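Enquirer: Chains S and C are the protein sequences, given in the same order. Residues 1 to 446, numbered by my numbering, are exactly what the first sequence covers, in order. Residues 447 to 639, numbered by my numbering, are exactly what the second sequence covers, in order.
Please keep in mind that the hints were generated in silico from the structure rather than gathered at the bench. Quick caveat: nothing in here was measured; it's all calculated off a predicted structure. Where is the CB? At the ideal position from N, CA and C, for every residue including glycine. All clues stand as given, with none of them false.
Example chain S residues on the side facing chain C (calculated, C-beta under 8 Å, incomplete): (1) G278; (2) S279; (3) L286.
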Amino acid sequence: MNPVVDVVVIGGGHCGLAMSRALTQRSIDHVVIERGEVGQAWRAERWDSLRLLTPNWMTQLPGQGYTGPDPGGYMGAGEVAAFLADYARRISAPVVTGTTVLRVSALASGYLVHTDRGDWRCRALVLASGAYRKPVVPALLAQALPPGITQLTSQAYKRPGQLDDGGVLVVGASATGLQLAQEIHHSGRPVTLAVGEHVRMPRLYRGRDVQWWMLASGLLDQRIEQVDDAARVRRLPSPQLVGTRERSTLDLNLLQQQGVQVVGRLAGVRDGRALFSGSLRNVCALADLKMNRLLDGFDAWAQREGLAASVLGPNRLERPGATVVAASPVLSLALEPQIRTVLWATGLRPDHSWLALPVFDRHGGLLHEGGVVQGAPGVVALGLPFMRRRKSSFIHGAGDDAHELAAHLAEHLDRSAGLRRHATPAAAARPFIGPSTAFTSESLAS
Amino acid sequence: MQTQTTTAANTVSNGVNVQALLGAREALSQAPEAARFKWRATSEWVHGTQSRTTIDGFHGLGGEQRHRQAFEFHTDHPEIFASEDKGATPVEMVLVGLAGCLSAGVAAVAQHRNIQLRSVKATLEAGMDIQGILGIDDKVRNGFDGVKVHFEIDADATPEQIAALVAQSQKRSAVFDIMTNPTDVHVTASKRT
Numbered sequence: 001m002n003p004v005v006d007v008v009v010i011g012g013g014h015c016g017l018a019m020s021r022a023l024t025q026r027s028i029d030h031v032v033i034e035r036g037e038v039g040q041a042w043r044a045e046r047w048d049s050l051r052l053l054t055p056n057w058m059t060q061l062p063g064q065g066y067t068g069p070d071p072g073g074y075m076g077a078g079e080v081a082a083f084l085a086d087y088a089r090r091i092s093a094p095v096v097t098g099t100t101v102l103r104v105s106a107l108a109s110g111y112l113v114h115t116d117r118g119d120w121r122c123r124a125l126v127l128a129s130g131a132y133r134k135p136v137v138p139a140l141l142a143q144a145l146p147p148g149i150t151q152l153t154s155q156a157y158k159r160p161g162q163l164d165d166g167g168v169l170v171v172g173a174s175a176t177g178l179q180l181a182q183e184i185h186h187s188g189r190p191v192t193l194a195v196g197e198h199v200r201m202p203r204l205y206r207g208r209d210v211q212w213w214m215l216a217s218g219l220l221d222q223r224i225e226q227v228d229d230a231a232r233v234r235r236l237p238s239p240q241l242v243g244t245r246e247r248s249t250l251d252l253n254l255l256q257q258q259g260v261q262v263v264g265r266l267a268g269v270r271d272g273r274a275l276f277s278g279s280l281r282n283v284c285a286l287a288d289l290k291m292n293r294l295l296d297g298f299d300a301w302a303q304r305e306g307l308a309a310s311v312l313g314p315n316r317l318e319r320p321g322a323t324v325v326a327a328s329p330v331l332s333l334a335l336e337p338q339i340r341t342v343l344w345a346t347g348l349r350p351d352h353s354w355l356a357l358p359v360f361d362r363h364g365g366l367l368h369e370g371g372v373v374q375g376a377p378g379v380v381a382l383g384l385p386f387m388r389r390r391k392s393s394f395i396h397g398a399g400d401d402a403h404e405l406a407a408h409l410a411e412h413l414d415r416s417a418g419l420r421r422h423a424t425p426a427a428a429a430r431p432f433i434g435p436s437t438a439f440t441s442e443s444l445a446s
Numbered sequence: 447m448q449t450q451t452t453t454a455a456n457t458v459s460n461g462v463n464v465q466a467l468l469g470a471r472e473a474l475s476q477a478p479e480a481a482r483f484k485w486r487a488t489s490e491w492v493h494g495t496q497s498r499t500t501i502d503g504f505h506g507l508g509g510e511q512r513h514r515q516a517f518e519f520h521t522d523h524p525e526i527f528a529s530e531d532k533g534a535t536p537v538e539m540v541l542v543g544l545a546g547c548l549s550a551g552v553a554a555v556a557q558h559r560n561i562q563l564r565s566v567k568a569t570l571e572a573g574m575d576i577q578g579i580l581g582i583d584d585k586v587r588n589g590f591d592g593v594k595v596h597f598e599i600d601a602d603a604t605p606e607q608i609a610a611l612v613a614q615s616q617k618r619s620a621v622f623d624i625m626t627n628p629t630d631v632h633v634t635a636s637k638r639t
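Model the full structure from these sequences, guided by the hints.
Expert: And the structure:
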């Protein structure tokens, strides 16, 4: 007989742990299945120099804030993994490590979770295996590249030393693309960076971290229902930010000053040449306009809140200047012999290939409403971009979503159990684990 | 004041039926097959460098469609090319397409953003080194070496809002995309009987 549990949480990262705590608080019987160790992606699937895009004081999970000496700094991947491991211990999360989920299917009632170390039966399921698991690579372009060129995704990239000497074409202008372009350029390899639509932000605005502004002004708490075009905001690439000791801004202007060649979106490969879109000027104009609207919004918020004197005060930092685009941007580039490596920084998506349920749209995207998966009662997701709120994919965003979705699961379990659950006060008899301090987003702003 | 603003917002009209466009967007996201269009043109060589191109039917929304009338366009080359100049140069027709596409986009985006337009003037200039088409220099491409478009827009909007209209129009423009990205062009021939 397979073990039976009310809820199986798939993934022992920040989302799975936040949900585990919320379920524990409700005395809901559950298990967290983790393919490796807690925080596995941070241990094995990130490049060496990666740091969070959010400052340490924002790296919070329900009941656990940052207590280290550097609240304004940015954690490296190893520190994030340690933070999560510490959290898992503190909340006594029932994590089953070293167990990979191979298939999840529906039973007459509930779900069967088939793993490489036995099966579980459950009545509800939490998909918390990560929003950034599977690289998105434009297949036609990848196939068209000459076979002599090494192709690598940002997930497989660790450090410049693993690349051949010689030129590198970095495709993608998110935080990842810009950070890797800079790091590889500093290693002495000439870098060309292909830039499509992107999100530009200064690291600091008026002396404060831009993430402080995002959070304090309420932007990160903005709910998906308040947004005009949900599909669009969910597709947005990560903002061009980097977490460094100097809290410096990373943008296309800096990279160009340092010697990185900036070109348009990689639009085709023909006769051994990479062809770049002539839209570079416009995607830069769009990003500049949006950045300035964002900063205008911060100013307006500060004025409304009466923070003008203390926050706006002296204009400590000028607005970043318009993105400089070469008079004649390069439209095509002979790949060989100059370019030895193409590094795809074209985004990561969730991997739900093991989920044998009819819950996907025609592009393979998970059909869900605020994380409540459509077509599979009692299945919820966590951590997807702008899933319920702008902060849903942030570490500190997991708490509120987990809290609300745990309530949804509790209702589902009650409904599916009928009176049985109310007849046995098993839930009330379970020990209560973990601190009960209510987690509110307000507490982060202080 | 509040009422006036609301009234003004509701009366913005650039002659673009944004509701219909949004409705189509919603409907076509559910029926992707109907979103597949075929645009067509037929041309007859007239004489010299002159051709007459007719635009009439197209395919879309799952069936054959027609314009309200057929449109004819004459293309030729100017007299300095020893031609008769009976119509715009084909490369100028490309500018016609770009101007029409971007301006339509500006109007639609303005309507959607509740911005009243009074005038939208676009001035376009494309650079071209004809050493390419004349085969003088293999290093010179046949086509444009660059296109400049300048919009002069009179509207109830800030300069930033106007810049954003023009940027968004480029982002959603078919002709802008056609001109900025490679397109597979497949030309065949047969003997007329």
